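Start from the sequences, fold in the hints, and give me the full structure.
Those protein sequence lines, which keep their order, are chains A and B. In case it helps, the working numbering puts the first sequence at residues 3 to 237. In case it helps, the working numbering puts the second sequence at residues 688 to 1000.
Think of the hints as simulated: they come from the structure by calculation, not from any bench. These numbers come from a predicted model, not from an experiment. Here a beta-carbon is modelled for each residue, glycine too, at the ideal position from N, C-alpha and C. Take these hints with a grain of salt, some might be off.
Here are the simulated distance ranges between beta carbons [what the hints assert, rightly or not]: (1) A:T44 <-> B:I888: 35 to 41 Å; (2) A:G69 <-> B:A874: 53 to 59 Å; (3) B:T968 <-> A:D67: 32 to 38 Å; (4) B:Q895 <-> A:R107: 22 to 28 Å; (5) B:I888 <-> A:R73: 23 to 29 Å; (6) B:M876 <-> A:E118: 55 to 61 Å; (7) B:L971 <-> A:R107: 35 to 41 Å; (8) A:D67 <-> B:I972: 42 to 48 Å; (9) A:D89 <-> B:T968: 54 to 60 Å; (10) A:L71 <-> B:Q895: 25 to 31 Å; (11) A:G110 <-> B:I722: 25 to 31 Å.
In silico SDA-like links for lysine to any residue, alpha-carbon gap of 25 Å or less [unchecked claim]: (12) B:K998 <-> A:N138; (13) A:K77 <-> B:Q895; (14) B:K998 <-> A:M109; (15) B:K831 <-> B:M798.
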Amino acid sequence: MIKFEHVGLRYGVGPEILTDVNFTLEPGTFHFLSGPSGAGKTSLLSLLYLGRKPTRGLMKMFGEDIGQLNRHELKLMRQRIGVVFQDFRLLNHMSAFDNIALPLRIMGQEEKEIRENVEELMEWVGLGEHQHMLPNTLSGGQQQRIAVARAVITRPKLLLADEPTGNLDDEIGLRLMNLFDQLNRMGTTVVIASHNTMLMEKFGQHSKLILDKGQARLEKSEPKSTLKQRIGDMF
Amino acid sequence: MKIFSKKDRRLGVAHGTRKYDLPLEKGNGGSFLKILMGLMTILAMFAFVASFALSAMTERWSAGLANQATVEIPAENAAGVLLSQEEINKTAQDILVFLQQNSAVETVTIMSEEEIQSLVSPWLGEDMEFNDLPLPGILSVGFKEGVAVDTKNLEKRLKNFGEPIRLDTHATWLANVLKFTSALNMAAMLITGLIGLATVIAAAGAVQSRMSMYRDELELLHLMGAADRYISRQLQRYTFISCFQGSAMGACLGFIILFITSLIFKEKEIALLPNFNMSLTEFLILCALPVLIALLGMITARQTVLRTLAKMP
Ligand SMILES: Nc1ncnc2c1ncn2[C@@H]1O[C@H](COP(=O)(O)OP(=O)(O)O)[C@@H](O)[C@H]1O
Ligand SMILES: [Mg+2]
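Here's what the structure looks like:
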């Protein structure tokens, strides 16, 4: 699914943020990307959502060497990736509905289907009442749910989220994690950047990709059996 | 009901349906483009109208003179001796008969003394006493249309009636006029070309400033996997509509200005453009200007957007 070999990244002439990143993520897995603030989590995600090219090294995604893809192929690959940005990056001139519908419109889906899909998802994330609202008039938590809904509306093969629980109260946060979990069970590979150790402990069944001093280290998950028990504990 | 919708808006409800993924309709960069396009249109209209008028003028002159020639019998003979009016009249009469026998000649008339007087009076003054001054004889000849006339040969034969007799086909004069008007026409075309260039630069500048204003939104669409064409289509449409609106307003204003100008010209009897009436085709060309300018703007927008997007990984 995703394979990094000796990947390095620097911004301009600055120091290398990532020096030698090596890891392989199997399809359909769920990972926390952790590390202290400034470790390069957001930067690594930007490589994963193809927003930046690595300064050096080999990046393979969906079985393809990224360096070998043409513009059209990169575009198709981006359509298979859903991203929840840390600052959401919602478009404030259009309604919550249109924000969530945007990826579907880009992919050229029929307007009728778009309406059904978006309405259903908005109900699900608790935004059914706010379809016509402009994002910047909603609360931080609501904006984040729009951002998450926009990222998952296309049922992406790879879901990336940057600190997605920062603005959420517990119940909604749990609900989103469950949404990610559900997508993961349907085959989506999930990578969530977070330095929230509490969250990672709650969902300790997932493996961790730990960034440290420009390098990455994969920490395997605990056995899956403890999952139900842990979620049960929370209610 | 109105009150409610206003209240809703204040509460943050999106108004209307989404037209563009980029917030193109915010800010007033659009009105700058519209005003610019309006001005360009007015200038282009004037350049076109000038060019139309020149063409009409040239055409009238060449049509009027194409099959025409003048036979001139100078009042002096080859030796510099003044001829009497009777002698001149007699030669004119002989030439008239000679030309009437020529199969290429359609009409030939001797210009009357009054006509010749009225021709020369602007130079000599109304009060000039012509009686004792012999006037040259002038015959006006109209050739049959489509018949090639060997004017050199004809002039040679006319000189049998008297050495200084000349056949003036107006060719040289007409050639000079045509050279002049075609130079003017070239200038009008050049101005039109410059206006087109300015339109392109303005549209490109407007789109570029939009693109840098909305860089984040643009990048977001790009990251979602939007094709370059998906993004450029929206800016193309926006630019086309903006340019068209501005240009159409400019065209309306331009027509009003042209109308007023023509009224003033009529009022003051300035025969600058004698009987110049726009043909339907010419009018339609002017009406098509906004579409042309909008198309030009749209193509420019497309190129600009695609170039900017090509820089994204
Ligand atoms: N666009 C950028 N230009 C230059 N430096 C950047 C940019 N984005 C991040 N950095 C630098 O890269 C380092 C890692 O940042 P980031 O990836 O945001 O870490 P994290 O998300 O783990 O907090 C930081 O030192 C930051 O200053
Ligand atoms: Mg970060």
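When the hints from earlier in the document are held up against this structure, which numbers fail? 3, 8, 11, 12
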